[in-house]
Every structure is written in structure tokens, then in C-alpha cells.
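**Q** Okay, here's what each chain looks like letter by letter:
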Amino acid sequence: MDILSHLTPLFFGLIAAGTLIGIIFGAIPGMTATMAVAVCLPLTYAFGLENGIALLLGLYVGGISGGMVPAVLLNIPGTPSSITTTFDGYPMAQRGEGERALKTGIVASIFGGLFSAAVLFFFAPVLSDFAIQFSNVEKFLIILLALTVIASLCSNMLMGIFSGVLGVWLSLIGTYSIMDGGNGETRLMFDWMEYHLIDGFSLLPVLIGIFGLTTVLLDAENGFKDEAAQGPISLKNGKRFSFGVFKGQLTNLVRSSGIGTFVGMLPGVGGSAASVLAYSQEKNFSRDSSQMGKGAPQGIVSSESSNNALTGGALVPLLSLGIPGDSTTAILIGAFTLQGIQVGPLFIGNNLDTWYLMIIALVVANFLMFGIMYFAIRRIAKVVEVPKYILYPLIIMMCVVGAYAINYGIMFDVWTLLIFGLFGWVAHKIGLEVVPLIIGFILGKSAEVYFVKSLESYGNFSIFFTKSPIAMVLWALIAVSLAFAIYLRLRNRRETRTTTVS
Amino acid sequence: MESHWLSLLDVSIDFDQSHLFFPRIVTWVLVILLGLILVTRYRRVMPGIQRAGRVLAGREGHFDHKRFFGTLILTTLYFYLMGVLSDVFPNTGYSFLIMSVVFVLSLSLLYLDRFTPRLLTIVILNALIAPTLAWYVLSQLFRITLP
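Respectively, the protein sequence lines represent chains V and E.
Just remember that my numbering sits 4 ahead of the position in the first sequence, which is counted from 1.
Just remember that my numbering sits 146 ahead of the position in the second sequence, which is counted from 1.
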């Protein structure tokens, strides 16, 4: 009953604070759940593991949910995953049904969130138990599979693969650590860099730079011109919200939550993919989809339940394999490392209390999100008006704290923030894909260790194909994901050609 | 016969050089991919670079030079001066506090579209209160290391 001793008022207070801050971040266009987690990281340094997790999961759930507010009121998705909410939410708001649209979204969100938490609870331990049997060969192939899946789902596969490999390359800068069985020599740098880069670039400053500073730079380049062109519209004139909206929506809810959870599990596939997929499936399968896109609540239901279902889904590969499911969980992996926790197949078994606390925090965060948003939606709707000239300087300031404190006061980590903030901006401009890059960066060092260790033990490259049936299955999956991506690409090309011809 | 073919895949990693084994492979993969990208889309690469040059030079497209480069310069100065000042006040977080007030104020002013007394008051109050609050909570209450 050790676990009960962690369920303190502070624990619940932090979930509530996290959820609220997350909702606010999500509600501000251009700021995402990832950024909320990145900016609030320094706060978790002060707390222990359990309380830190409470805050982070609250931020995650709140951040994803808050995205619907500007989607409905301003036609701007607050987070990428609420893009499909704009399709029906904004038309509803224009009819004066803003509050109805938001409340429909809130109820759908809590359904999706709890659905995926349940999947996480039952599925992650099974997957970990399975993954414990993996040797270095299979672990390397899992990472290869993760990178292939991410890259193959990018809009440009070649760029996606290149970005992933570039991420791996960047992660290798530094020492081949003796702790991992390496020889302690440095590589991929000049001698004069050794002083700063002996341990390579720290993960969190890199992430905070790419997700925090890059956003500021991209907006600065635009000169903040497209900020709320039209003022928020009035929330209620038309039809009021009632739970009757959900009549006949159960299939939609379950299907969309299922899609969201599944897409969340695929490493590196962003939230927008989940909601777009769920939305299009609802359009294909529902009995009456004629109103979708013109302000039908069913569109909001599918979009919001699927994007909230991402939360639990994305935590599955993180906690059972140590592979982050999206950019927010990529930052969570850094936060765990900071608290001395190694996520991977052994995580759940070795940290049973922490695991249960995470599930509790996730469920509580969903209920709190519901409570806060359902009853305070009119106040939250005001957040979309907070000006960027107030927010952005503060965000950079908080990024500095996060980067500096990570290794207890290294100024170079702050410079890393700037380097990668600028790098993120350039990457955006030349069409590099940020998510595969980040996942490659996170997994690169482990990939090296598994790869080199496998070859040191077996002395032959063929071991990667012949080690075990699991290895062969993994290769088959890699081939399938590549083939699927190429098939999709060819089909798209054919379709565009037919449309241009006709 | 089969074992003969498999022996082609034999590899032995010299421990002294093991730190270079994987990075070399990754570097080669990276170079090959870059080559592929350049070959398959060379028609788009050169015009893209030229266009980027024109945009940066301000001859084409919309690019807010003042705000973009202003952000970069202010951030660089902020980081640099914070480092310098933290040698003057080591382990107190004062360097962070002082520089943050200056930085938040200057960046807000850079981003402001028009200057009215009301907006200026809000910006100045924000620049004074927010960093002080952050400094107090993080460094004094939570004992987090600040520059």
C-alpha cells in the first residue's frame, strides 16, 4: 500500500495545475502541448518522480484538449491534432453554437482520453513482457522499424528517412561511453569542441530549442500578422448543448478513440494523422455524413475523441519499449531520464508503484480536464486573446531555465537551445521533418550500442536476419511499412494525374 | 557453399576503433541519402536556394527582418550577457533575474505593433513582474540552479 502514500493533496494539486496550464497553452494558437511540457519542465526538477509525473501528464492531457478552443472559435487549430475540429467546430461557432461545439468536444475528449488510458493499462504490460525477451539484435531492429514507420508516413519519404538518420548522426556526437561498453573515445567533432561536447548535446535543451525557440522564430519571421484576424465570436446564441448530441454516436466514439490510440502507438506519427484518419473514417462509414464539414457535431466527436486518445496510445511504446510515440512523449522520456528512470521493457515491472501512479494521474487528469473545461469554458475562451508580445519573451525565458538547470548549471546547454532553435527553423525551411529527426536523436545512441554489441557477439552481419523468428517478423514489418508508403505515394500520384488530366 | 557466402558478411570490430564503427556507417548512409535527394530533386533544389536568398535579402515574399533578426540578436545577447554576469554574481540567480527583465522588456517592445501608454505600461509591468516571480519561485522556493 505504498502507493497510497503518494496520493497526497500535492499530487492532485499538481495534476490540476498541469491540466490548467496545459489547457491554456493548447488554447493559444501556435503553442502546443509539447511546448507546455518543455516550458514547465524546470518545475518538475524541484519535485520527486511521482509529483513530477503528475504535473507532466496533466500538461499533456490539458495541452491536447485545449487545442479545440481556438479551433472552434478562430478556425485556427491550437495544436496540430485539432485541425479536423475546425472543419465542423468553426461553422457551428459562426451559427452561434460555439459553446455547444466546445462542450461536445470536451465530452468526446474525456471519452477518448479514458479509452486510451484503459488500453495503456492493459496493453503496455503485455508488450513489455514480450519485449523483455528481446536481445540486442531485436532491440536494434525495433528502433529501425520505428524509424522506418515514421519516415514512411512523412509527406516526403526520402526527406523523412534522411531526417531520421540525421537525428541518429547528431546523437552520436560525443563519447562512445564506457558505461555502455564503449571505449570512451570521442567522435564526429574537432578537438577544440571536446570541452563542451564530451557528452554530446543534452537531449532536453535540443528538444526545448526545436519546439520552443523555433516556434518563436517562425512567428517572428511572419511579424505576428495572422494573429486573430477576426475577434472571437460570441459563444452562445443558437442551440444549447445537451448530451442528446451523443445519441447514436457510440460507434463513432469507439472507432475514433480506437484509431487515435492505435496511431498514438505508432512512433513519431503526429496527432494530426490520428484526427484526420478518424474524421475521414467517420465520413466514410457514418449513415449520414452530408452535414460533415458544415457544422455537424459528429465531426467534432470523431476529431476530439481521436486526438485525446493519442495520449494513452503514445505512452504505450514509451513505457514498454522506450520509444516515444510523439513529440510530447519525446520530452517525457527526457524528464524520466532526469529523474533517474530508464523507460523500456523493464520499466513497469521494476517500478510498479510509479506505473500505477501514472495511470491514476492520467485518469485524474482527464476528469480534471473535463471539469475545468466544461464549467469554465467561457473564461478559457478568453485565453485565445492573450497577445504574443507578452507570451513569447516569457517562453524564451522559461526555455533558458529548463536548459540551464538540466545538468545543474551548464551554460553550454543554453547555447544548445539557441543552436537547435535556429537549426529547427532552418530544418523547417528546407523541408526536413522534425519528428523523425527528434526520434532518431533520442534513439541513436541506443541503436549504436545494440548494433555494435550484436556484431561483437556474433561477428557476422547475417545475425540481424537469422537471430530469431521475431527478427524475421520485424524485417517483414519494415518491408511492409516501406511497401505501404510507396504504394500510397504511387496511388496519390496517379490520382493527382487523373485530376489534372480531367 | 552457403557458409562461404555468409563469411562475406563476417565482421570483427577492433575495440580501439569501435567508437568509429557505427558513426562511419551512419555518415555513409547520410551521404548516400543526400546524394539521392539531390539527384531526384535537383530541379527544385537550386531554385529553392535562390528563392531563399531573395527572401532573406528582402526582395521577395514576406519576411519580417526586423523581428526575426531582432529576436536572434536579442536572444544571443541575452545568453551571452547572462553568462558574463553570472560570474559576477555566482549561484544567486541574480544574473538571470536582471538579464531576463531587460530581455523580456526589449523583446516585447520589438514585437509591439503600436505604442500606446496603456500597452507600454502592460509591457513594462510584465517585464518586471514575470521574471521576478519566476526567479522567486524557481530559485528561492524550489532551489533550482539559475545562471
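Please keep in mind that the hints were generated in silico from the structure rather than gathered at the bench.
Be aware that one or more of the hints could be misleading.
[To be verified] List time: in silico SDA-like cross-link candidates among lysine to any residue, alpha-carbon distance up to 25 Å:
#1 V/K457 <-> E/W174
#2 V/K433 <-> E/R189
#3 V/K433 <-> V/E460
#4 V/K433 <-> E/R197
#5 V/K457 <-> E/I171
#6 V/K392 <-> E/R213
#7 V/K243 <-> V/E225
#8 V/K392 <-> E/R197
#9 V/K471 <-> V/E460
#10 V/K433 <-> E/L218
This structure is a prediction, so every number in the text was calculated from the model and none was measured.
**Q** Now look at each hint and say whether the structure bears it out.
**A** Against the structure, the hints:
1. V/K457 <-> E/W174: It holds: about 20 Å lies between the C-alpha atoms, which stays within 25 Å.
2. V/K433 <-> E/R189: holds (17 Å)
3. V/K433 <-> V/E460: Given that 25 Å is the threshold and the Cα spacing comes to 41 Å, the pair is violated.
4. V/K433 <-> E/R197: Holds, because 11 Å separates the two Cα atoms, which is no more than 25 Å.
5. V/K457 <-> E/I171: Between V/K457 and E/I171 the Cα gap is close to 15 Å, so the pair holds against 25 Å.
6. V/K392 <-> E/R213: holds (13 Å)
7. V/K243 <-> V/E225: Violated: V/K243 and V/E225 sit about 41 Å apart, past 25 Å.
8. V/K392 <-> E/R197: Violated, at about 29 Å.
9. V/K471 <-> V/E460: Within the cut-off at roughly 14 Å; holds.
10. V/K433 <-> E/L218: Since the Cα atoms of V/K433 and E/L218 sit roughly 16 Å apart, the hinted pair holds (cutoff 25 Å).
Taken one by one, the earlier hints fail for this structure at numbers 3, 7, 8, listed in ascending order.
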